[in-house]
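Read top to bottom, the protein sequences are chains A and B. Each residue of the first sequence is one higher than the one before, starting from 2 at the first, in our numbering. Each residue of the second sequence is one higher than the one before, starting from 2 at the first, in our numbering.
One or more of the hints may lead you astray.
The list cannot tell twin chains apart, which means a pair is met if one copy fits it or any two copies do.
[Unchecked claim] Pairs of lysine-lysine residues, derived as BS3-like cross-links and limited to a Cα-Cα distance of at most 25 Å, are as follows:
1) Lys228 - Lys291
2) Lys291 - Lys150
3) Lys6 - Lys43
4) Lys191 - Lys168
5) Lys23 - Lys316
6) Lys249 - Lys131
7) Lys60 - Lys5
8) Lys188 - Lys168
9) Lys291 - Lys278
10) Lys168 - Lys228
11) Lys131 - Lys272
12) Lys249 - Lys197
13) Lys249 - Lys127
14) Lys43 - Lys93
15) Lys5 - Lys310
If you're looking for bench data, these hints aren't it; they were derived computationally from the structure.
Chain by chain, the residues run as shown.
Number of protein chains: 2
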Amino acid sequence: MKFKKILTIGLSESSLSADYWKKIDALASKRISLAKEDSNIKTQLKDTDCLLVNPFAFKVEKEHIDAAHGLKYIGVISTAYGKVDYNYAATKNIAVCNIPGYSTEAVAELAFGVVLEHIRELERAKRQVKAGDYSESTFFNTSEIMSKKFGILGLGKIGSRVAELAKAFGADVYYWSKNRKKEQEDKGIKYVEVEKLLSMCDFISLHLAFTNDTRSFINDARIKKIKHGAMLLNLAPNELVDFEALDKRLSNGDIWYIADHTDEMTPEQIKLLSKHKNCILYPPIGYTTKEATIAKQEIFVSNIEGFIKGNPINKVN
Amino acid sequence: MKFKKILTIGLSESSLSADYWKKIDALASKRISLAKEDSNIKTQLKDTDCLLVNPFAFKVEKEHIDAAHGLKYIGVISTAYGKVDYNYAATKNIAVCNIPGYSTEAVAELAFGVVLEHIRELERAKRQVKAGDYSESTFFNTSEIMSKKFGILGLGKIGSRVAELAKAFGADVYYWSKNRKKEQEDKGIKYVEVEKLLSMCDFISLHLAFTNDTRSFINDARIKKIKHGAMLLNLAPNELVDFEALDKRLSNGDIWYIADHTDEMTPEQIKLLSKHKNCILYPPIGYTTKEATIAKQEIFVSNIEGFIKGNPINKVN
Numbered sequence: 002m003k004f005k006k007i008l009t010i011g012l013s014e015s016s017l018s019a020d021y022w023k024k025i026d027a028l029a030s031k032r033i034s035l036a037k038e039d040s041n042i043k044t045q046l047k048d049t050d051c052l053l054v055n056p057f058a059f060k061v062e063k064e065h066i067d068a069a070h071g072l073k074y075i076g077v078i079s080t081a082y083g084k085v086d087y088n089y090a091a092t093k094n095i096a097v098c099n100i101p102g103y104s105t106e107a108v109a110e111l112a113f114g115v116v117l118e119h120i121r122e123l124e125r126a127k128r129q130v131k132a133g134d135y136s137e138s139t140f141f142n143t144s145e146i147m148s149k150k151f152g153i154l155g156l157g158k159i160g161s162r163v164a165e166l167a168k169a170f171g172a173d174v175y176y177w178s179k180n181r182k183k184e185q186e187d188k189g190i191k192y193v194e195v196e197k198l199l200s201m202c203d204f205i206s207l208h209l210a211f212t213n214d215t216r217s218f219i220n221d222a223r224i225k226k227i228k229h230g231a232m233l234l235n236l237a238p239n240e241l242v243d244f245e246a247l248d249k250r251l252s253n254g255d256i257w258y259i260a261d262h263t264d265e266m267t268p269e270q271i272k273l274l275s276k277h278k279n280c281i282l283y284p285p286i287g288y289t290t291k292e293a294t295i296a297k298q299e300i301f302v303s304n305i306e307g308f309i310k311g312n313p314i315n316k317v318n
Numbered sequence: 002m003k004f005k006k007i008l009t010i011g012l013s014e015s016s017l018s019a020d021y022w023k024k025i026d027a028l029a030s031k032r033i034s035l036a037k038e039d040s041n042i043k044t045q046l047k048d049t050d051c052l053l054v055n056p057f058a059f060k061v062e063k064e065h066i067d068a069a070h071g072l073k074y075i076g077v078i079s080t081a082y083g084k085v086d087y088n089y090a091a092t093k094n095i096a097v098c099n100i101p102g103y104s105t106e107a108v109a110e111l112a113f114g115v116v117l118e119h120i121r122e123l124e125r126a127k128r129q130v131k132a133g134d135y136s137e138s139t140f141f142n143t144s145e146i147m148s149k150k151f152g153i154l155g156l157g158k159i160g161s162r163v164a165e166l167a168k169a170f171g172a173d174v175y176y177w178s179k180n181r182k183k184e185q186e187d188k189g190i191k192y193v194e195v196e197k198l199l200s201m202c203d204f205i206s207l208h209l210a211f212t213n214d215t216r217s218f219i220n221d222a223r224i225k226k227i228k229h230g231a232m233l234l235n236l237a238p239n240e241l242v243d244f245e246a247l248d249k250r251l252s253n254g255d256i257w258y259i260a261d262h263t264d265e266m267t268p269e270q271i272k273l274l275s276k277h278k279n280c281i282l283y284p285p286i287g288y289t290t291k292e293a294t295i296a297k298q299e300i301f302v303s304n305i306e307g308f309i310k311g312n313p314i315n316k317v318n
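Chain A on its own, in the form it takes in the complex (with noise of 0.2 Å):
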């Protein structure tokens, strides 16, 4: 078998190496590609079978579902695919197939890359010794992993991985998830309630999926209840914190923030945020590593693979 056609929408040509889109090519016969507001898009989808989609730049709803009469099959370029109608696909038998898990190391390694370069005033140290001042003596305030204690919220593949390696760190490790895991706890990965975890840990990390039910699930009460002193690490979507709440917080100056996701922040939320210096904000550097490069195209394209010889993987509906 092969497709029809593939349609793609909001992927340029960087979004794959010229490798794998030769193996894309090679699976239809023909490929159109168009941006996100591009007005042919739903001309173009009534013939599509096949639709790869980057979801930060469009969202796939029923009316394009109903718009792709011989739509068979939607690839999702991202880990998330809550803005592709899933479940409404499901009901026309359209396969939707999704990327987990190939950032999971690189998103686990930045956390303890920021957490430390935080406790250990990295940027500091890197610009005074440019500056030609090469003493430690304003270094002894600094800080270890060790021995403390490191909350996760949300045990999934990369809370998991954070939880091993702040394990390995020699921390404490707690976690709230909506499901325990058992095989975690009996790593010593402890469960705690959420309010107990905010007001007992000294580090805090994120790593919930963002759905209906964990928007602003570091509420007001909650980031009251955060630890003084402790570092609140997101890595996960913004939409999970009420900025207006932790803008609060970060002015009594007794906790950090640290978060990446800054490309998704409004202009009033970056504004909010950026002018508390206990707040610290990355580009979302979480998944840009080579490695996860690779891995997300590979993955991406195995999915369709996998799909055209009967054999569906990551599919999520």
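Following the hints, put chain B in place on chain A, whose structure we already have.
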């Protein structure tokens, strides 16, 4: 038992917190504190039975030991004790005690801090956000520790802990050490010859003690063997590396050197290395965590108390 006179050389009041000075003062009838360049050192040594010394400020040589007729104890406020003539001290029945291991965790965590800071380009990422650019588009050349070859030269306390953490990060871990370490090999840390390690590893971390045998251990021939693209990490003494040979290799632009003992580099050495963009220098912040500072003082004072009670601990001679 109590000492008659404690003499400190090269220690400042801030070397220990007030609590620990109090504990020390309880162990002697009096305490005299001298700067390293004080001309009265030999005179003061005459009736000293307990000498506390910062070996980075002051070398304790035969002549000092000979001048101190009643000396029983030399407390070294560091892990390194090579600058105290401990063998000669032993012939006079003088105990020399050091502070082993107090900074193991601090140094090992720093190793991963500076590695991740570098491979994820954290400084540039933070700076970019401050400049109002939230795009990850220039961070796709970053990389992970997972699955890389991580080499450790010197598998003592710190080297072993770095090896353990590298393993937790999913690296393929190799070591060379003067003696084979069976218990580490059982954990999957693989022994290889120095040259082999240098030529195959992506990360090479130095954890050798500085002795006459290890001066310029990383010499010209070995520097030439380092894998193209590798990172040489030196949180150990500068003397382990031949800086002129390193300068030549850094000029090729195909390896990275990250080190933290800039305080012990000469202005010429700083000039030689800091001109390279692929050389990242830090102040000596490996041991400066709050946790290590407390452990250091605790062990330093416990050593003196142990000796007085007839149970010397951390005696090196």
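Verification of the hints:
no. : hint            : in the structure
1   : Lys228 - Lys291 : between (36 Å within a copy, 19 Å between copies)
2   : Lys291 - Lys150 : between (32 Å within a copy, 16 Å between copies)
3   : Lys6 - Lys43    : within (14 Å within a copy, 91 Å between copies)
4   : Lys191 - Lys168 : both (11 Å within a copy, 23 Å between copies)
5   : Lys23 - Lys316  : within (23 Å within a copy, 68 Å between copies)
6   : Lys249 - Lys131 : between (35 Å within a copy, 21 Å between copies)
7   : Lys60 - Lys5    : within (23 Å within a copy, 81 Å between copies)
8   : Lys188 - Lys168 : both (9 Å within a copy, 17 Å between copies)
9   : Lys291 - Lys278 : between (31 Å within a copy, 22 Å between copies)
10  : Lys168 - Lys228 : within (20 Å within a copy, 31 Å between copies)
11  : Lys131 - Lys272 : between (30 Å within a copy, 11 Å between copies)
12  : Lys249 - Lys197 : within (21 Å within a copy, 55 Å between copies)
13  : Lys249 - Lys127 : between (31 Å within a copy, 23 Å between copies)
14  : Lys43 - Lys93   : within (17 Å within a copy, 93 Å between copies)
15  : Lys5 - Lys310   : within (15 Å within a copy, 87 Å between copies)
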